[in-house]
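The listed protein sequences correspond, in order, to chains A and B.
Just so we're aligned, residue 1 is where the first sequence starts under my numbering, counting upward by one.
Just so we're aligned, residue 1 is where the second sequence starts under my numbering, counting upward by one.
Read the hints as simulated data drawn from the structure, not as lab findings.
All C-beta atoms in this analysis are idealised placements derived from N, C-alpha and C, irrespective of residue type, glycine included.
No false leads were slipped in.
Stretch-level coverage of chain A by chain B, calculated; a stretch enters the list once three of its residues show a Cβ under 8 Å from a Cβ in chain B:
| id | segment |
| --- | --- |
| 1 | 129–141 |
| 2 | 154–166 |
| 3 | 173–183 |
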Amino acid sequence: MDLWYTENHSDNVKFSIRVDKHLKSQQSEFQRIDIFESAEFGRMLTLDGLLMITEKDEYIYHEMITHVPMAVNPDIANVLVIGAGDGGTVRELTRYSSIKNIDMVEIDEMVVEVCREYLPQTACRLTDPRVHIFYQDGLRFVRGKENEYDLIIVDSTDPFGVGEGLFTREFYGNCYKALKDDGILVNQHESTFYTSYANSMKRAHHRIKSTFPIALVYQAHIPTYPSGHWLFGFASKKFDPRADLKADWWNSLGIKTKYYNTILHTGCFAIPNNVRDCLRESGK
Amino acid sequence: MIFSQSDAPVLEAMRGHLQNRVVPFDVPGHKGGRGNQELTDFLGKSCLKADVNSMKSLDNLCHPVSVIKEAQELAAEAFGAKSAFFIVNGTTGSVQTMIMAATKTGDKIIMPRNVHRSAINALVVNGAVPVYVNPGTNKKLGIPLGMSIKNVEKAIKENPDAKAVLINNPTYYGVCSDIRKIVKLAHENNMLALVDEAHGTHFYFGENMPLSGMAAGADMAAVSMHKTGGSLTQSSILLCGENINSNYIRQVINLTQTTSGSYLLISSLDIARKNLALNGRTIFKRTVEYAEYARSEINKLGGYYAFGDELCDNEAFFDFDKTKLSVHTRDIGLAGIEVYDILRDEYGIQIEFGDIGNILAIISAGDRALEIERLISSLSEIKRIYSKDKAGMFDHEYINPEVVTAPQQAFYSGKKSVPINKSCGMVCGEFVMCYPPGIPILAPGEKITDEIINYINYAKEKGCFMTGTEDIKIENINVVEA
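Use the sequences and the hints to build the structure in full.
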């Protein structure tokens with residue numbers, strides 16, 4: 001048996017993982033959902049054929065999208081998570097007893113169902129009593145909120161297809177409105193290596209920057225994402241994620257992580273020149 | 001051979017022609033795209049291959065005897081008409097055919113003044129004289145509505161010699177007149193009933209839609225298939241009722257229509273008709289659901305008014321086309337054109353038009369829920385970020401003009417160019433309009449007033465795209481020499 005899953009990272013680059021078993025394939029109203037079992041990466045979730053997470057490296061993404069904002073403001077109590085149907089982001093957030101409420105808005109209920117069944121590693125904390133799941137369009141949900149959340153995490157797919165609305169100026173503006181005066185917005189921010197991703201990254205950054213007074217990006221290395229180099233956006237009305245890092249407080253919590261630590265926190269905002277150039281170009 | 005609505009005779013003939021691999025020693029000279037590589041790369045090979053010329057197996061638009069004839073017959077059946085013509089000069093071509101078939105030089109035709117420029121253009125060409133019925137206006141929205149029965153009756157009584165009545169069904173904003181009664185009035189007075197249905201294709205296929213021209217018993221209707229019917233831009237259908245000699249209509253069409261009818265457009269009409277006949281009900285049901293959802297969400301935002309059938313008054317706002325998403329913006333202190341510009345420049349959303357106090361978004365089955373959400377959310381943001389005091393804003397889209405001479409006479413008379421601001425009291429010799437919507441602010445033969453000049457200046461200042469004048473900068477206007 002020589003079965004391989006392949007994702008095109010660009011028109012001319014393929015990334016393949018040998019598949020042991022194809023565990024699930026289902027078409028929802030929004031997208032095609034697949035679960036594969038692989039020797040190297042464990043179970044993998046793909047949406048419309050694009051790799052979302054693998055059991056082997058999902059921790060990097062989920063730790064970085066949650067602990068970076070959490071270590072900046074210990075008062076975060078009310079969190080909105082958009083997308084995140086695999087549950088990984090919520091799993092990390094539930095590790096904070098200071099968080100009182102997590103609203104998770106996922107457009108596709110079937111993704112959550114499939115992940116509950118096949119990816120307990122990430123979906124394990126979706127049953128936490130603080131978690132409230134809303135199956136609806138993220139843009140629509142956030143439009144109805146004002147001055148409510150301390151943190152919004154946008155854990156979305158790429159901006160082509162279902163996740164399109166989550167990379168728009170109107171979405172960021174509505175997030176701004178939904179956040180309190182010291183609110184933070186963190187989002188999956190694509191990467192700069194391949195042109196198509198770089199263009200969406202630039203557009204997203206430009207839009208966030210014209211909405212929030214503080215808008216930075218930080219990076220992580222995620223082996224299964226195109227180019228392996230991935231970016232997150234940190235936007236805020238008040239906090240600078242470097243100057244306002246509460247390292248002692250965060251370390252006192254004793255949260256055990258595999259990727260994130262408070263030294264890396266400062267370092268991840270030090271971005272390579274090619275990314276800085278992209279960010280500069282985004283204003284043009 | 002008996003055809004059904006699931007056939008598409010032109011499409012099938014073109015497929016057969018392409019499969020036969022006929023060697024082309026006729027036009028077009030790009031020969032299936034081989035002669036113009038960049039164009040082929042851009043539009044696609046199948047598109048260029050389908051760009052063929054009239055020939056025996058594909059019929060001829062000017063004189064249809066085979067597949068185009070069959071396709072037109074199917075279209076007539078689908079629309080409930082006695083005959084139908086494929087038009088490739090836009091619905092402008094359909095409207096002009098109606099007017100040029102119904103009237104000749106000096107004949108009168110009754111029409112609302114808020115017609116599309118194509119109707120008045122036809123009068124410039126053939127010399128018929130308009131009898132304008134002032135449309136009703138909605139004071140709050142400032143928009144022109146349909147014609148009230150009272151006003152049509154009055155116009156008919158004062159002009160018993162008029163040859164025809166032209167009706168917009170619906171207006172750009174989605175407002176319908178009582179078309180059944182107007183058609184009846186016209187026929188009782190030996191006048192033809194002509195319907196401009198540039199924005200009403202879906203009336204023929206959707207459920208619970210306003211009454212269509214053919215269903216109302218009209219004599220001719222110009223249907224913009226390309227607007228909401230799914231065919232290619234510039235393709236249109238002219239429908240004729242029982243009492244119309246369709247062979248004469250064909251001759252009138254051939255006065256102005258191209259002899260090189262595009263098979264891209266012709267086949268798109270055939271395919272779109274088939275799709276509407278088979279799936280139209282579902283398609284427009286979804287369209288209405290999207291539009292109604294957007295309307296209710298936008299109205300919840302506050303400040304905006306997305307109007308609907310609550311405005312129906314049994315008169316000039318007799319019925320409303322629920323697929324139209326028209327939103328009144330003046331209460332957030334922004335002109336429609338300003339909201340239109342912000343949507344495009346800041347939010348990457350292109351809507352159909354913005355005018356002084358309203359915007360119009362075209363909703364269709366081609367939309368997706370996520371795009372509807374984007375539009376609603378962007379409007380919410382625009383209100384949050386840009387809203388201001390509405391003091392000093394214009395509150396109307398429409399000024400009733402005073403007609404001094406017939407359009408043809410004014411257009412072809414001796415003219416001189418004067419600065420617009422110094423033209424008050426003179427008679428206009430050309431058109432001035434915002435495009436879209438393309439309803440003339442001034443048409444040839446109308447008196448220029450201070451109110452109209454102020455309106456033009458205001459529309460220019462707000463960023464409306466003005467057209468019509470010989471002066472491309474719209475600073476000077478041609479007036480009729482005294």
